[in-house]
Amino acid sequence: MAQETAHLHKTYHRSKTVTVMFLCLFVFAVLMGRLVYLMVFQSEYYTMRAKELHERERSIKAARGRIIDANGKILADNRTVCTISVIHSQITDQEEVIAVLCKELGLSEEYVRKRVEKYSSIEKIKSNVDKSIGDAIRAYDLDGVKVDEDYKRYYPYDSLGSKVLGFTGGDNQGIIGLEVIYEEYLQGEAGTILTVTDAKGVEVAEEGEERVEPVEGQDLYVSLDMNIQSYATQLAMQTMETKEADSVSILVMNPQNGEILAMVNVPEFNLNDPYTLPDTVESDALSEEKKQELLNGMWRNGCINDTYEPGSTFKIITAAAGLESGAVKPTDTFNCPGYIMVEDRRIRCHKVGGHGAEDFVQGTMNSCNPVFITVGLRIGVERYYSYFKQFGLLDKTGIDLPGEAGTIMHNVENIGPVELATISFGQSFQITPIQLAVTASSIVNGGRRVTPHFGVKVADSDGSNSHVFSYPVRDNVVSPETSETMRYILEQVVAEGSGKNGAVEGYRVGGKTATSQTLPRGSGKYIASFLGFAPADNPQILAVAIINHPQGTYYGGQIAAPVVRQLFENILPYLEKMDYNRT
Amino acid sequence: MAERNSSRRRQSNNENFMDYSLLFIVLFLLGFGMIMVYSTSSYEANLEWGDSAYYLKKQLFATILGLAAMIFVANVPYHFWERFAVIGYIVSVVLILLIIPFGHESHGAKRWLYIGPLSLQPAEVAKLCMILFLASMICTMGKQIRNRKGFWMVLMVPMPIALMLWRITQNLSSAIIVVGIAVLMLFVSCPDYKRFVLLGLAALAGAAVVVFVIVKMAENQVDTLDFRGARILAWLDPEAYASGKGFQTIQALYAIGSGGVLGKGLGQSMQKLGFLPEAQNDMIFSIICEELGLFGGFAVIIMFILLIWRFMVIANNAPDLFGALLVVGVLGHIAIQVILNIAVVTNTIPNTGISLPFISYGGSSVMFLLIEIGLVLSVARGIRLKDL
Numbered sequence: 007m008a009q010e011t012a013h014l015h016k017t018y019h020r021s022k023t024v025t026v027m028f029l030c031l032f033v034f035a036v037l038m039g040r041l042v043y044l045m046v047f048q049s050e051y052y053t054m055r056a057k058e059l060h061e062r063e064r065s066i067k068a069a070r071g072r073i074i075d076a077n078g079k080i081l082a083d084n085r086t087v088c089t090i091s092v093i094h095s096q097i098t099d100q101e102e103v104i105a106v107l108c109k110e111l112g113l114s115e116e117y118v119r120k121r122v123e124k125y126s127s128i129e130k131i132k133s134n135v136d137k138s139i140g141d142a143i144r145a146y147d148l149d150g151v152k153v154d155e156d157y158k159r160y161y162p163y164d165s166l167g168s169k170v171l172g173f174t175g176g177d178n179q180g181i182i183g184l185e186v187i188y189e190e191y192l193q194g195e196a197g198t199i200l201t202v203t204d205a206k207g208v209e210v211a212e213e214g215e216e217r218v219e220p221v222e223g224q225d226l227y228v229s230l231d232m233n234i235q236s237y238a239t240q241l242a243m244q245t246m247e248t249k250e251a252d253s254v255s256i257l258v259m260n261p262q263n264g265e266i267l268a269m270v271n272v273p274e275f276n277l278n279d280p281y282t283l284p285d286t287v288e289s290d291a292l293s294e295e296k297k298q299e300l301l302n303g304m305w306r307n308g309c310i311n312d313t314y315e316p317g318s319t320f321k322i323i324t325a326a327a328g329l330e331s332g333a334v335k336p337t338d339t340f341n342c343p344g345y346i347m348v349e350d351r352r353i354r355c356h357k358v359g360g361h362g363a364e365d366f367v368q369g370t371m372n373s374c375n376p377v378f379i380t381v382g383l384r385i386g387v388e389r390y391y392s393y394f395k396q397f398g399l400l401d402k403t404g405i406d407l408p409g410e411a412g413t414i415m416h417n418v419e420n421i422g423p424v425e426l427a428t429i430s431f432g433q434s435f436q437i438t439p440i441q442l443a444v445t446a447s448s449i450v451n452g453g454r455r456v457t458p459h460f461g462v463k464v465a466d467s468d469g470s471n472s473h474v475f476s477y478p479v480r481d482n483v484v485s486p487e488t489s490e491t492m493r494y495i496l497e498q499v500v501a502e503g504s505g506k507n508g509a510v511e512g513y514r515v516g517g518k519t520a521t522s523q524t525l526p527r528g529s530g531k532y533i534a535s536f537l538g539f540a541p542a543d544n545p546q547i548l549a550v551a552i553i554n555h556p557q558g559t560y561y562g563g564q565i566a567a568p569v570v571r572q573l574f575e576n577i578l579p580y581l582e583k584m585d586y587n588r589t
Numbered sequence: 304m305a306e307r308n309s310s311r312r313r314q315s316n317n318e319n320f321m322d323y324s325l326l327f328i329v330l331f332l333l334g335f336g337m338i339m340v341y342s343t344s345s346y347e348a349n350l351e352w353g354d355s356a357y358y359l360k361k362q363l364f365a366t367i368l369g370l371a372a373m374i375f376v377a378n379v380p381y382h383f384w385e386r387f388a389v390i391g392y393i394v395s396v397v398l399i400l401l402i403i404p405f406g407h408e409s410h411g412a413k414r415w416l417y418i419g420p421l422s423l424q425p426a427e428v429a430k431l432c433m434i435l436f437l438a439s440m441i442c443t444m445g446k447q448i449r450n451r452k453g454f455w456m457v458l459m460v461p462m463p464i465a466l467m468l469w470r471i472t473q474n475l476s477s478a479i480i481v482v483g484i485a486v487l488m489l490f491v492s493c494p495d496y497k498r499f500v501l502l503g504l505a506a507l508a509g510a511a512v513v514v515f516v517i518v519k520m521a522e523n524q525v526d527t528l529d530f531r532g533a534r535i536l537a538w539l540d541p542e543a544y545a546s547g548k549g550f551q552t553i554q555a556l557y558a559i560g561s562g563g564v565l566g567k568g569l570g571q572s573m574q575k576l577g578f579l580p581e582a583q584n585d586m587i588f589s590i591i592c593e594e595l596g597l598f599g600g601f602a603v604i605i606m607f608i609l610l611i612w613r614f615m616v617i618a619n620n621a622p623d624l625f626g627a628l629l630v631v632g633v634l635g636h637i638a639i640q641v642i643l644n645i646a647v648v649t650n651t652i653p654n655t656g657i658s659l660p661f662i663s664y665g666g667s668s669v670m671f672l673l674i675e676i677g678l679v680l681s682v683a684r685g686i687r688l689k690d691l
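Line by line, the protein sequences give chains D and R.
Just remember that the working numbering sits 6 ahead of the position in the first sequence, which is counted from 1.
Just remember that the working numbering sits 303 ahead of the position in the second sequence, which is counted from 1.
This is chain R alone, in the form it adopts within the complex:
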């Protein structure tokens, strides 16, 4: 297969491919993200830390680290990582389990591990390792994936990780992303559609039933609803829960709605002045909309569409299935996360904590995303130009 002499080819024929478009899009998103992190956090950072660039500096540090990691990974042939697939899976499990004794709590959830000055979210590691493990596993399975047993095996692989993320780190969104990545990779590697359509319909029906049951329970004044139940009610009518579960959503909607078509101008957001708490995190997209308007919001979405388009091009020209699956995994990760984030911010789906890739504040997230980009670049380098 193609992998067997990729290095020799590079030596003999220097026409290997470097996807500058992808690199540019990523760098643009990082730069734009940094500006928005500063814009959204400077006021609160100044009040809290006496340094308006407090969050910007931390983000910049993580980004530089991430870029270094990206360059390193991009220059390592991606098949090198295949041997770590199983170890990666085990490491994910161990890291998540380490949360129980050593986890660092923040915002009411134990999600972080501290290694010296660095904080690490096991969920980010788990996403990356899941992509690697599934790509390797699907390649090994070959045609087996087409039968029912293979299909369900692939579908069951992410479940332990997802369940642990959900139950141990109280991080439902990461669990959904891990499962989503798996489903997407499975979808791409199976020839048929029927099972996926059924799966999709089943998921939709399940969600509808859950919402229906919760609404009925609320109507009957059943107070055994946990906080996720309240989140669903707040989603249906955020103004009725404005002081509780609907607070963040309402504030995000105020930000988005008051932005209008052209926005208030960069740095002019009012909602970031403490009305929308920690605007630099998950809700950053609403401040982008407030400051830069509908055009700014569209521009960000279009940048992500271009990014996904580049992933698709690379996946479809990858030298082998393993490379293609790695890229599809990364595509799935980023696409799901962007879609869920914007859907949450615009109150299209119930509120769940999920960050906007490359833009939201968060060191672990940016570092692991850049490692994933490094993987994709590495796959891209395997493409012979004449194939394009």
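Bound-form chain D, shown alone:
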């Protein structure tokens, strides 16, 4: 009986144990299904997420392309600098590390010890260390000391062409100037080092590292000529000091193809230290905003970013328009009583007594306002405006520098006879110096409006893979005949007229002076300028000198023309020797 019960008992608990077994099997099957879901279908996602977690990415800076001048001189280069840091957990001989770092870096023991003993993942000891010192430290082969190489932009000529070249920021990116415009060629491509690390960020050595090499930036070859630039800078500095001017700009370009050989805006700034304001400014007391404003002012390229009233140099444009439209012939005669009435306004000539009877060529040589007002009025508003447009004065020149300012001009419907009269001798509107230089270039070069530029080509550091830039040229801005006449007239201005201070012995120079009063009128502030080109019969070089707010004599013919003369005296023989006159 007992046996019987036990047996019965056993039978159902046996079947129940089997049930338990199958219940377990069922649950295990569900869990295995879950595993298949996670490890097959979700595997890609989790692998990706895990990889993100395990890998640390360090970027390797690419060497930025150099900037090289017309003679192959390097204007912007890279210097290899090192950053020295220590990783506490990897240091084996702490005392030696401290001793070596003190010795090689010339730091106090206290300073180094504090950092070496600090419990952190990585502690920077010193950055911008010379490569030779970095190499020396590396040679000790100390555990836990890391020497990372880095590139730093370096400008061998400090302030030379500072506002043209521009400089780079912390990430080696261009901030102003050519460095910005040619960023895509110069910057190269940063490389990366992918390392696998544990949860604390310690590299897992066995996993090795994946390295994507950086691609060096391409070198930029510019038309800027370091010799001309540095001489022009000297001249400008000298002029600024002797005339006690606020600033002086000198622009030298090839009128045939638009290549700019020099662009000086003194005061320049030190490209290797672009964030320091000049000593004359008390920078400590300034707010951040004010300081940035002053820095922006210091970095401004006056030839491009600022507009001014060109004054008499603009008579070149009026003359060209007059000749082109047939409104005036060189032989036309005028009479200057010292003023001219336009409607009810009496506009004075700079010569109070008047120039008397003169033909158009003489009128230009005298820079006689009544003559040009008369010519302007003969052309008429509609035609004058269309020439203004045809010469390209309403558009930007398209120079390869950032922030070119546009022309500030009346709307055509607002131009009455008085406005037209003032425009005719270069007042009541504003253009940039580069705009004046380019427009004058197209008038004297046979009527081809060129695009001013610095960039000639880019190429890899070994010279391969070069890409030569081409720039648009617009033909027939003026007829070749008008251009020839203009060259003749402007040569006369320098030979015997108001621009005679610009004459260079042994060379045929053409040009035009200007003296413009800055707004507001009556402030006693002037801008003296001179535009000259040589040789006058086939211009290969064109220069503009602009002196802002000189003290004492302020006539362009007296202070600006000599600047261009001195410049030409030095660079014309140089250019011949260099066989620079590429046409």
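Read the hints as simulated data drawn from the structure, not as lab findings.
Backbone N, C-alpha and C define an ideal beta-carbon position, used for all residues, glycine too.
Hints are supplied without guarantee of correctness; some may be wrong.
In silico EDC-like links for lysine to aspartate or glutamate, alpha-carbon gap of 20 Å or less [to be verified]:
no., chain 1, residue 1, chain 2, residue 2
1, D, LYS130, D, ASP164
2, D, LYS152, D, GLU216
3, R, LYS567, D, GLU222
4, D, LYS124, D, GLU102
5, D, LYS402, D, GLU299
6, R, LYS567, D, GLU58
7, D, LYS67, D, ASP204
8, D, LYS531, D, GLU247
9, R, LYS567, D, GLU190
10, D, LYS57, R, GLU542
11, D, LYS158, D, GLU190
12, D, LYS297, D, GLU315
13, D, LYS132, D, ASP147
14, D, LYS109, D, ASP149
15, R, LYS567, D, GLU216
16, R, LYS567, D, ASP204
17, D, LYS463, D, GLU190
18, D, LYS158, D, GLU222
Here are the computed distance ranges between Cβ atoms for each label pair [claimed, not checked]:
no., chain 1, residue 1, chain 2, residue 2, range
19, D, TYR43, R, VAL389, 46 to 52 Å
20, D, LEU29, R, MET459, 22 to 28 Å
21, R, ILE418, D, GLU101, 41 to 47 Å
Given chain D, work out where chain R should sit, using these hints.
Coordinates of chain R only, in the frame set by chain D:
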């Protein structure tokens, strides 16, 4: 009954049964566990203790001790232990209570007692004693278990222990296991299914209500949620709680998912390098999956299925009900623990600290598991070969 002359039978007829399959499976799991403990812990052990085999050595020591205990228990007729059933229950209660004044805290929970150099988890003792006590009690009750009173009595017996484990040692998973063992043993010893189906459905409904309430509370920004509430939210969307309650789960999922079908190879886990903290403990299964892939994961599960199959065979051929119930208890313990562990690691259920039997690092756990195996082997030795 069969027990009355088991020793005499062994003397007269040397055909008693030794379950080598079970022994082999257990030894395999122990060996494999040791390899995985070394693999998962060596990197951190080296960083922390300067000895990559630090955890392996401790585990090896506990395993050897456990194996000795297993051999001893296997050679003692299991009815010898029946007389300790009540004492065992009392000892469990006392040990758990001793946690309050003498408990050793680790990982924010007081769960360990230190006896000289040895650490002991009362929860492990309680599981073993519960199996013994219930087996003895059910045998004594006989047919009484079939009526409602008997049913509820058996169900109420583990409750004080479970509540103490939960409230005193903050160890909900051990409490669940103790209750689970009891329910399973009751299930096997009762002839009907209906009550258990109802019980199961009630448990499921209860869990669903709890989850629903917590989600609703979270939606209404009620911040009286305790850490278990947060665990449930982290379970539903671990990535949203990646820096808090979901951290361990997320890291385990990264490990499992990145293993793929074939795994990264033994020793090649990345997640064990500090990303998954203490990978050798509860989350060891995720590193097995990362290193050995889906195949490794399946192999481990299949080994446990084989182990459960052996338990079932032994239980169903046990010489008497007491033996059978002991084996069912052990089966329940190991099955529940494996299922819960893998379910937690794969984020199938909310995270609760539970180790993988024989494989996870942990001395107490391995020692008491081996004692349980010793009991099962002892039951197996009572089987006459001709019964098979």
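Hints and how they fare:
| no. | hint | result |
| --- | --- | --- |
| 1 | D:LYS130 with D:ASP164 | violated (29 Å) |
| 2 | D:LYS152 with D:GLU216 | holds (19 Å) |
| 3 | R:LYS567 with D:GLU222 | violated (37 Å) |
| 4 | D:LYS124 with D:GLU102 | holds (16 Å) |
| 5 | D:LYS402 with D:GLU299 | violated (25 Å) |
| 6 | R:LYS567 with D:GLU58 | holds (17 Å) |
| 7 | D:LYS67 with D:ASP204 | violated (25 Å) |
| 8 | D:LYS531 with D:GLU247 | holds (17 Å) |
| 9 | R:LYS567 with D:GLU190 | violated (42 Å) |
| 10 | D:LYS57 with R:GLU542 | holds (16 Å) |
| 11 | D:LYS158 with D:GLU190 | holds (18 Å) |
| 12 | D:LYS297 with D:GLU315 | violated (29 Å) |
| 13 | D:LYS132 with D:ASP147 | holds (18 Å) |
| 14 | D:LYS109 with D:ASP149 | holds (17 Å) |
| 15 | R:LYS567 with D:GLU216 | holds (18 Å) |
| 16 | R:LYS567 with D:ASP204 | holds (16 Å) |
| 17 | D:LYS463 with D:GLU190 | holds (13 Å) |
| 18 | D:LYS158 with D:GLU222 | holds (14 Å) |
| 19 | D:TYR43 with R:VAL389: 46 to 52 Å | holds (47 Å) |
| 20 | D:LEU29 with R:MET459: 22 to 28 Å | holds (23 Å) |
| 21 | R:ILE418 with D:GLU101: 41 to 47 Å | holds (46 Å) |
Hints 1, 3, 5, 7, 9, 12, counting from the list given before, are not met by this structure.
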